[in-house]
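*Asks:* What follows is the residue order along each chain.
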Amino acid sequence: MADIQKLEALVTQVRRDILRQVHKVNSGHPGGSLGCAEFFVALYQEIMDRKEGFDMNGLGEDLFFLSNGHISPVFYSVLARSGYFPVEELNTFRLLNSRLQGHPTTHEGLPGIRMASGSLGQGLSVALGAAEAKKLNGCGHKVYALMGDGELQEGQNWEAIMYAAANKIDNVIATVDLNGQQIDGSTDDVLALGSMRAKFEAFGWTVLDIEKGNDMASVVKGLQEAKSLSGQGKPVCVLMHTIMGNGVDFMMHTHAWHGKAPNDEQLATGLAQNAETLGDY
Amino acid sequence: MKTYENTGNKDTRSGFGAGLEVLGKTNEDVVALCADLTGSLKMDAFKANHPERFFQVGIAEANMIGLAAGMTIGGKIPFTGTFANFSTGRVYDQIRQSVAYSGKNVKICASHAGLTLGEDGATHQILEDVGLMKMLPGMTVINTCDYNQTKAATIAIAAHNGPVYLRFGRPKVANFTPEDQSFQIGKAVHLQEGSDVTIVATGHLVWEALEAAKELHEAGISAEVINIHTIKPLDDEAIIASVKKTGCVVTAEEHNFLGGLGESVARTLATSHPTPQEFVATQDTFGESGTPAQLMEKYGLNAAAIVKASKKVITRK
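Note that the protein sequences, when read in sequence, are chains L and B. By this note's numbering, the letter at position 120 of the first sequence is numbered 120, and the numbering carries on one by one without gaps. By this note's numbering, the letter at position 10 of the second sequence is numbered 291, and the numbering carries on one by one without gaps.
Think of the hints as simulated: they come from the structure by calculation, not from any bench. In this text the structure is predicted, and so the values were computed from the model without any measurement. Be a bit skeptical, because a hint or two may be false.
What the hints assert, rightly or not - Per label pair, the in silico range of CB-to-CB distance:
hint : chain 1 : residue 1 : chain 2 : residue 2 : range
1    : B       : His441    : L       : Ala166    : 30 to 36 angstroms
2    : L       : Ser98     : B       : Ala585    : 53 to 59 angstroms
3    : B       : Asn442    : L       : Gly83     : 25 to 31 angstroms
4    : L       : Gly155    : B       : Glu400    : 28 to 34 angstroms
5    : L       : Gly204    : B       : Lys306    : 32 to 38 angstroms
6    : B       : Gly320    : L       : Ala198    : 44 to 50 angstroms
7    : B       : His498    : L       : Thr106    : 40 to 46 angstroms
Just so you know, even glycine gets a beta-carbon here, dropped at the ideal spot from N, CA and C.
One chain only, chain L, in its complex shape (with noise of 0.2 angstroms):
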């Protein structure tokens, strides 16, 4: 059983690794960042099956891609807390020399990351490919990947949809970050999105809501689930509703944090908000 009330603590930890990430160099993605921090913990901590170190190829383990790279703080802070690479070099985020680019690279070697995003579309692709490969070399473990709403805009995610269930790749599950909201507004008001669900089924993915995507619990459910309904030989969506900025009263439920980093004081704020657990870098 998971234990809740730790990986809570570590995404309390999470959003202040997050926010002062993109407070120090006044620059970054604090919004899609703090909607997803549940969802990235309970992946790394509960829910993947990874082994110790990082190499590229990540046979015999569960590997993940992130489509929408802008949500890198959120990324950084757990692939750090994981034991991926220091939690100090959170401070060099978005500094010249660092591996820490604004958006995920393989570029500069960070280990945890096994392709660049930041064009958004992308991700699913390559995460179906390395399906294949992992169905090539008779490897039984699976494929996480990570798309925005927003994002879902982009034509190749529907070329990548259709070529899943179409080869029954059935080891990936891809969650879907319902947050509704993109740059230039509510995902409604920009270009809608429609029926997600209706989609991914008509497109013949196995598809499940977690319909509270902040709260742990339902989070550790919903990707246990989904991990449960893979191997029947569907690709298997997760649709993940959560509050964009959320942890951050002020940060809530608006695009207006999507990409703007806060003052001196809306970050003493923040932190206020989400007292330290495991101590901060």
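Following the hints, put chain B in place on chain L, whose structure we already have.
*Replies:* Structure of chain B alone, referenced to chain L:
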């Protein structure tokens, strides 16, 4: 003067298919992906022999490039196959981020490049692909000249760790390079020794350069002919050594003069050994429908055009 025998016209894309067929048997990490053009790319033999390693992706090139990038994670060596237009311009951002910047070992194999695609016309005749690909950091760019060389190059790039763009074509053209050649990426091949002008050619223009050299010889002009199959990394040394001897150069390619082999040669010479140069290439234009021979004639990409450019560049020494 060396003589080269055309052992019979063959298409370079069939050289690719033959090379891929060999790789299927010799390297179990090689996988192939195709976007609904298996027959056109001559990938049928690989598909028939290794159905488990062949991936039909449908008319969805962006997904194909992403899939290929992902398959490298797990140690596969993916060869993607479609027309040059859909291998590059259509999927530039996917290649840039998921392949080149991510440092993935993907081989982008592109047929029907250039005007010699023929009657389908300009929508399919890409003349900008070499430029697009050579600008990507870490990308190796190869344009082979005949069946044998394409087969050898296909086999060779599997052993090279890193992204490669391999460009070839549709029509049956002279097959004249040795069947048993060893293909060295980045190494120019000297085809003729000469003293008056250097002709640096790539792809289908290499045979035309040899024909041009014969005609120039009859006119008393000694032309050195270099086959540059690898446009990036360019064999600077071979080119500089040759122009030091001849004092002028003609570059010849089935590509726009912007972004092609000619520009790469010009940069090399401008920074190391400034030399008069003429460009046999398309002049910042799209193509059109017609037979390959008609198009190469109309757009000035044949032996006659190389002869003319050679005579002109010699006067500029």
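*Asks:* Confirm or reject each hint.
*Replies:* Verification of the supplied hints:
1. His441/B to Ala166/L: 30 to 36 angstroms: Once the Cβ atoms are compared, 32 angstroms apart, the range 30 to 36 angstroms for Ala166/L and His441/B holds.
2. Ser98/L to Ala585/B: 53 to 59 angstroms: 56 angstroms, holds
3. Asn442/B to Gly83/L: 25 to 31 angstroms: Distance hint for Asn442/B, Gly83/L holds at roughly 28 angstroms.
4. Gly155/L to Glu400/B: 28 to 34 angstroms: 29 angstroms, holds
5. Gly204/L to Lys306/B: 32 to 38 angstroms: 35 angstroms, holds
6. Gly320/B to Ala198/L: 44 to 50 angstroms: 37 angstroms, violated
7. His498/B to Thr106/L: 40 to 46 angstroms: With a Cβ separation near 52 angstroms, His498/B and Thr106/L fall outside 40 to 46 angstroms, so the hint is violated.
This entry does not satisfy hints 6 and 7, going by the numbered hints stated previously.
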